[in-house]
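Given chain C, put chain Z in place with the hints provided.
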Amino acid sequence: MVSDIKKEFLQNKENKIIKGNEAAAYAAKSSRVQVISAYPITPQTTVVEKLSEFVDQGLMPGTQYIKVESEHSVMASMVGASMTGTRTFTATSGQGLFYMNEMLHWVAGTRLPIVMAIASRGPAPPWNIWADFTDVLSQRDTGWITSFCATHQEIYDEILMSYKVCEDHDILLPKFVAYGGFILSHTSKPIIIEEQALVDEYLPPLPDEKGWPHIFIDPERPMMFGNLIMPSGFYYEFRMKIHETMMRAKEKIMIAAKQFERMFGRNYGNGLIQNYKMDDADVAMLIYGDLAFQMEEAVDQVREEGYKIGMVKLRHFRPFPVEEIIEIAKKVQVLGVMDRGTAFGSPTGGPISSEVKTALHNTEKTAKILPMISGLGGREVTIDQQKDQLKILIKMNETGELPKDLLYGTLWHGKLEVK
Amino acid sequence: MTETEKIIEISFHGRGGQTAITASQLLAEMAYEKGFADAIAIPIIGAERRGAPIMAFTKVSKHKIIRTYDSVKNPDFMIIFDTSLLEMPRIKETIKEGVTILADSPIPINRDGLPNNIRIFIVDATGICIKRGFMHSSGPILNIPMLGAFGKVTGYYDLETIEKVLKKVFGESKIAKNMAVARDAFEEVKEVK
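Chain order of the listed sequences is C and Z. Here our numbering is used: position 301 in the first sequence is 301, and no number is missing along the way. Plus 1000 on top of the position in the second sequence (first one is 1) and you've got our numbering.
Everything labelled a hint here was simulated from the structure, so no lab data went into it. Some clues are possibly wrong.
Subject to a maximum C-alpha distance of 16 Å in a straight line, what follows is the list of computed EDC-like cross-link-like pairs (lysine to aspartate or glutamate) [said to hold, decoys possible]: (1) 1064(Z) / 8(C); (2) 1062(Z) / 279(C); (3) 7(C) / 1033(Z); (4) 330(C) / 279(C); (5) 1062(Z) / 4(C); (6) 210(C) / 220(C); (7) 387(C) / 1070(Z); (8) 1064(Z) / 297(C).
Excised from the complex, chain C in its bound form (with noise of 0.2 Å):
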């Protein structure tokens, strides 16, 4: 016998039980990507393993496979087949990441609508291969717009709903999609393809021979690109227009959900944050990844024992959700906020609680927050720890006191006991 459970997510359509990493390229195939560039690094290797399977078994048609040397020539290599006006799809971790640094910059200057997915690891030394956002949440200045997955479903979807964005005429920017290393990507859970005449319908239609509205690569016509700039010239002016568009993109984000939830019948929230339980809140933790779909259960369970509590899951950190965060604080008494990375010498050490404390700066009457962190480098967070967390925001709102084991305001849990 089927569970309702079980019939209400499947919806009679295709299912594989696939790891996070095979979701990631499932969905590149199913966006039809054009051009896909690989160097391979753990634990993003299997994304592009599989990429070059389904190119081999002529799966996908017509898309170029280039093999380069390194993540920088990875990237460098997507800047030129994106500027010749393709869709383009790669995916890194870590230390990978590092390396592509520069030709990220060079991306979004670009305004070259590339997607990459991003099986986040924790930074070295020491060496480390498993969950830890810190990687990504490093590049936020580099102009891609950021987004954080919590289950194997998600890393499907958000791909999707990347290039939607992406490749909309009015942003033109670049995507990650981030998610935790091993965590997500070496795990296998059931999850839906969608049929490909309905993923061609929601997506935009593949770029022309014309290419982008704003760069047209033509060999008889040399021409350069992104060259040198005058403090006179425009240069501040271009700067000014990407952190425009960012913020601009936050509705088209918005639209791409609703309109994902329409055709495939599942709900991500507005896009940038997905609300869980919090209508009649009273505390709540804002968390992203992986951590947060386990969140979920613990946050039924400590309902169960009479808390009003309640979760806030962040799926967009560029750009960043301030309205709806402003929000949330103001209805809560008080709003944990739970990072998986660090921002050494940031206002609270964490990348995302140093965000949210920014976003409430002209802001009055807004809960206390607690900002911490968990599970740094890959170390298991379990539900029992994680409604131990919960049960510090209530006993916080319950006295009025702060934590007494802070670490320069922030809490960090789940150490390891020092005997």
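Quick look at chain Z alone, frame taken from chain C:
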């Protein structure tokens, strides 16, 4: 929590090259194919090499969505690809009251130091693989016979389901050999007191 709502947790213990990681994935597929509401396969990956102890987990649930990625600490079932691993303290200490062990072994397992209230099943998966020539470059491919035996022990899926999933994953060409070892193990697995 009622019995039907419980998430069933399975741990796999083997050595690099014994195909336990793939077993955790295939088990998720077989349970899901047979009608379970959700399944997740969780390999524990570091820098393992051939012969090093490795772990993988599968969680399956009949009626609810599994909303966790964390590893299995208190398994309901332990599938042991190499009985020498049972001597390792960190594995031995996860053997708690009520657990069911399925081990690749031609002879009964030494129960010394194990809790009383556990069930032990054995199947000579290595022997089956050697007899059927079901080998890869460095040894027998144990996952298929172990999963065949596990289907019999639990009743979570049958030979028909195994065939369906293996066809989907590995294609038609290798199905006969795979099913031969799965069937042998399904028939030969037995409980030892």
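For each hint, the structure was consulted:
Of the pairs offered as hints, the one joining residue 1064(Z) and residue 8(C) holds, with about 12 Å between alpha carbons and a cut-off of 16 Å not exceeded. Of the supplied pair hints, the one linking residue 1062(Z) and residue 279(C) is violated, its CA atoms being roughly 30 Å apart against a limit of 16 Å. For the given pair, residue 7(C) sits about 13 Å from residue 1033(Z) by alpha-carbon distance, which is consistent with the 16 Å threshold. A threshold of 16 Å between alpha carbons decides the hint, and for residue 330(C) with residue 279(C) the separation of about 13 Å falls inside it, so the pair holds.
At most 16 Å may separate the alpha-carbon atoms for a hinted pair to count; residue 1062(Z) and residue 4(C) meet this at roughly 11 Å. Between the alpha carbons of residue 210(C) and residue 220(C) the distance comes to roughly 14 Å, so the proposed pair stays at or under 16 Å and holds. Between residue 387(C) and residue 1070(Z), the direct Cα distance comes to roughly 14 Å. Compliance with the 16 Å bound is thereby established for this hinted pair. Using a Cα cut-off of 16 Å, the hinted pair residue 1064(Z) and residue 297(C) holds, with the two alpha carbons roughly 11 Å apart.
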